[in-house]
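If you read the protein sequences in the order shown, they are chains A and B. First residue of the first sequence: 163, per our numbering; consecutive thereafter. First residue of the second sequence: 33, per our numbering; consecutive thereafter.
Hints should not be assumed to be uniformly reliable.
Unchecked claim - Mimicking SDA-like on lysine to any residue, the simulated pairs with C-alpha atoms at most 20 Å apart in a straight line are:
| hint | chain 1 | residue 1 | chain 2 | residue 2 |
| --- | --- | --- | --- | --- |
| 1 | B | Lys226 | B | Ser269 |
| 2 | B | Lys226 | B | Lys264 |
| 3 | A | Lys296 | B | Arg91 |
| 4 | A | Lys292 | B | Arg87 |
| 5 | A | Lys225 | A | Ile175 |
| 6 | B | Lys234 | B | Tyr260 |
| 7 | A | Lys280 | B | Leu513 |
| 8 | B | Lys398 | B | Gly514 |
| 9 | A | Lys221 | B | Ala105 |
| 10 | A | Lys280 | B | Pro540 |
| 11 | B | Lys382 | B | Lys407 |
| 12 | A | Lys221 | B | Ser454 |
| 13 | A | Lys280 | B | Arg87 |
| 14 | A | Lys280 | B | Cys72 |
| 15 | A | Lys221 | B | Ala457 |
| 16 | A | Lys280 | B | Asp83 |
| 17 | A | Lys292 | B | Glu95 |
| 18 | A | Lys221 | B | Gly291 |
| 19 | A | Lys292 | B | Leu94 |
| 20 | A | Lys292 | B | Gly514 |
| 21 | A | Lys296 | B | Glu518 |
| 22 | A | Lys296 | B | Trp511 |
| 23 | A | Lys296 | B | Leu94 |
| 24 | A | Lys296 | B | Asp320 |
| 25 | B | Lys226 | B | Gln281 |
| 26 | A | Lys292 | B | Arg84 |
| 27 | A | Lys296 | B | Ile512 |
| 28 | A | Lys296 | B | Thr519 |
| 29 | B | Lys233 | B | Gly304 |
| 30 | A | Lys292 | B | Pro99 |
| 31 | A | Lys292 | B | Arg91 |
| 32 | A | Lys280 | B | Ser74 |
| 33 | A | Lys296 | B | Ser269 |
| 34 | A | Lys296 | B | Ser74 |
| 35 | A | Lys280 | B | Arg84 |
| 36 | A | Lys225 | A | Lys296 |
| 37 | A | Lys280 | B | Thr77 |
| 38 | A | Lys280 | B | Arg80 |
| 39 | A | Lys221 | B | Glu453 |
| 40 | B | Lys226 | B | Gly246 |
These aren't lab readings, by the way, just hints derived from the structure by calculation. Just so you know, these numbers come straight off a predicted model, no measurement behind them.
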Amino acid sequence: MSAPGKTEPTDLIVRARAGDSQAWGDLYREFAPAIFRFCRRAMPTQEDAEDATMEIFMKLREKLVQYDPGRSFTAWLYRVAANHCWDMLRRRKARHDKDTQDIDDLPLEAPEPNQLEKLIEERTSEEVRKALDKLGARARMALVMRYYSDMSYDEIADALGVRRPFVGVVLLRARHELREALGENSALAVGGTR
Amino acid sequence: MSEQENTPNRHLDEITLLLYVERQLDRESAQEVSLHTQTCTSCMTLLRALDRESRLLTRSMLEEDEPLPARIAEFRARVKKSMQWIWGVVFGLAALGVYALYTGYIEPAEQQLEQAGFGGTNLLSLLLFQGAFWKGWQSMFTLVEFVALASVAGFGAFLFRRYLKRASALAVMFASLGLLAAFATPASAMEFRKADSVQIKKDEVIKGDLYATGENVRLDGTVDGDVYIAGKQVVISGHVTGEVFCACQSLRIDGQVQGSVRNASNNLTITGTVGRSVTSFSETTAVDSSGKVGHSVTAFSKSLTVDGSVGGDVLAFASAETSIAGSIQGEIRVHGDSLNIGSNASIGGKASFEGNNPADVASGAKLAYPLTFKKIEHARNERGGGYYVWRVIWASAFILFGLVLLWVLPQFSKEATANVESVGASFGLGVLVGFALPIAAVLTCVTVVGLFVGISAFFLWFASLYFSQIVVGAAVGSWILGRTNETWPLVGRMAIGMLILRACMAVPFIGGWIKIAAILWGIGAISLAAYRRLQPVMAPNIPPPPTAHVGTPLPPNTTVSGV
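Extracted from the complex, chain A is given alone in its bound form (with noise of 0.2 Å):
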């Protein structure tokens, strides 16, 4: 998952490790951007996205002495994030998410491709971005880690706690799940008669 060109920022992690306040603020200035954005896109609200943010920052404190330098950084921080606004979801969702329990029960019927085809075509990003924020969390969760942070699914089995041949299923509820929140009337919502 490591950025093709982008240097690991070794040298400042090797300062922030050890306790160089300069360094550490450097390392925020210079990720804390693409985690928001992370926690915006998996979080339900922009509140709850800075929240983790900083809860995050503050946990990386701690637990970057754990960081092992023979891999990536980014890969790693993200997958410090991913745990981190799992675990707020999955705390909140004990108490007032319906989430996908009740959708993991459904069968998955497969879509009509030439309707799932025209959906595609026709939905922007920005009615995907809105329809995002309609999923359930573990949905939501699922397709940002994967699109928006690359992970792989080792690391999402590892983050959302199912077993890796899970993953799999895990995405494409949350692409159902997401076509009905971007076409309501249609087949696709349902699934298709193939």
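Position chain B relative to chain A; hints supplied.
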């Protein structure tokens, strides 16, 4: 791969195609999918649609580059970090507040009351400040002081953390504590005795407190301090200059105790002298005809007998049988089944009895005031219909108040409601603000210039007592019906939450605590919202957007060659 794929005339299922698009299939399965899609138009179309869907998802997530909020850009991690250490400060300040409250107000008031002749007559005072746990409170204050000092030291270490390595910061903190401890008043001497049979002989003198445990404890000598005893049979026939704390099966005081006696035992018998008060949690408590108690007797006993003399009041609770044949200078207040006042009894103060049967007063008894009797009413339903009507009216008033607040301050109310979710921070801040604000308001009022500010702050605090319940009610409603950012749905949630909250507050015994918790919690949430509001809207020097590599992660490998 599903079975469908192996049948040439059947279509591939969507998950297989998705895994192919996502490059999650093994080489062999991927080749099968590739071969199939070359001949099956429907699957090819679906594959292409899934690929486009992936691209659309990635694009929609990456292309929006919303500005970084001010509070994030401002490196608020430092501030939020402070929310962690603020706990230490909160508890430290709370400890200091309690200590200051006691030394500044309660203790002087106690002394004044005592000088005015009211010492020991007040049940609350007896139980809390001069009662069974009084000595424990004194010990507690030592702990409270320690917590306060530790908080101050920790706060100091935090302030200077930039100049100190972690280890040295800790060292400074512990050194400071050590220094403070060195200046602290040294503890008085203590004597520990532990054996099956402990005896302090007649000519033995112990300077300082005595701690004794044993099956039989006998104190014939002198203890110049307090005595703490845990045993089976305990006899004090010597002299104790301080107080006696005892947990045993049987305690007998034949000697002299200059201080008070606090006792939890089966039997307490006093034939000697107790200089101050007696508090007894016993099955039977008896002050024999030769026994003398300088101040009051408070007994939580099945049976209380006072044949000797008591310099103060006699308070008896839940006594099945109370018998008084001695001399009591103060008043008596008895709550129990029966009361017998013998012919030799004399009572200098008022006498009241609340029981099941009228008191039996012998003709020769000398009572300064006529005995008042109140029959215990075993009310089955203390709360009549009016009580519930008023509850409903109050709940409605709260909902109306909440409606107005949500209408007048919609955004602030939403922020405060959302802050309730941050349980720890809100509650901690609530404890601090809830107690500190009125004190600060009073202190501000002392200065003429700050009179207006002080009164305003006090009114603000008073209003927040109600607003806090609305905020918590709205949060409770949101937990049940789900969160919302719109005003009217939030009003509905607030109404439901308030009804639930008010219902919880009406529960006997725990309702009051629920109310206090809700108020503190809500005040904290409001304070947090106000604090965040006071932050600058736009931060200066917002860092430039991150490079594409950081701010915009690598797009996923969703391209399917040949499709």
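Structure-based check of all given hints:
no., hint, in the structure
1, B:Lys226 - B:Ser269, "19 Å, holds"
2, B:Lys226 - B:Lys264, "13 Å, holds"
3, A:Lys296 - B:Arg91, "18 Å, holds"
4, A:Lys292 - B:Arg87, "17 Å, holds"
5, A:Lys225 - A:Ile175, "12 Å, holds"
6, B:Lys234 - B:Tyr260, "18 Å, holds"
7, A:Lys280 - B:Leu513, "36 Å, violated"
8, B:Lys398 - B:Gly514, "70 Å, violated"
9, A:Lys221 - B:Ala105, "17 Å, holds"
10, A:Lys280 - B:Pro540, "63 Å, violated"
11, B:Lys382 - B:Lys407, "17 Å, holds"
12, A:Lys221 - B:Ser454, "16 Å, holds"
13, A:Lys280 - B:Arg87, "15 Å, holds"
14, A:Lys280 - B:Cys72, "19 Å, holds"
15, A:Lys221 - B:Ala457, "16 Å, holds"
16, A:Lys280 - B:Asp83, "13 Å, holds"
17, A:Lys292 - B:Glu95, "14 Å, holds"
18, A:Lys221 - B:Gly291, "55 Å, violated"
19, A:Lys292 - B:Leu94, "14 Å, holds"
20, A:Lys292 - B:Gly514, "19 Å, holds"
21, A:Lys296 - B:Glu518, "15 Å, holds"
22, A:Lys296 - B:Trp511, "18 Å, holds"
23, A:Lys296 - B:Leu94, "18 Å, holds"
24, A:Lys296 - B:Asp320, "80 Å, violated"
25, B:Lys226 - B:Gln281, "17 Å, holds"
26, A:Lys292 - B:Arg84, "18 Å, holds"
27, A:Lys296 - B:Ile512, "19 Å, holds"
28, A:Lys296 - B:Thr519, "19 Å, holds"
29, B:Lys233 - B:Gly304, "18 Å, holds"
30, A:Lys292 - B:Pro99, "18 Å, holds"
31, A:Lys292 - B:Arg91, "14 Å, holds"
32, A:Lys280 - B:Ser74, "14 Å, holds"
33, A:Lys296 - B:Ser269, "81 Å, violated"
34, A:Lys296 - B:Ser74, "30 Å, violated"
35, A:Lys280 - B:Arg84, "11 Å, holds"
36, A:Lys225 - A:Lys296, "33 Å, violated"
37, A:Lys280 - B:Thr77, "11 Å, holds"
38, A:Lys280 - B:Arg80, "11 Å, holds"
39, A:Lys221 - B:Glu453, "19 Å, holds"
40, B:Lys226 - B:Gly246, "6 Å, holds"
The structure is inconsistent with the numbered hints 7, 8, 10, 18, 24, 33, 34 and 36, although it conforms to all the rest.
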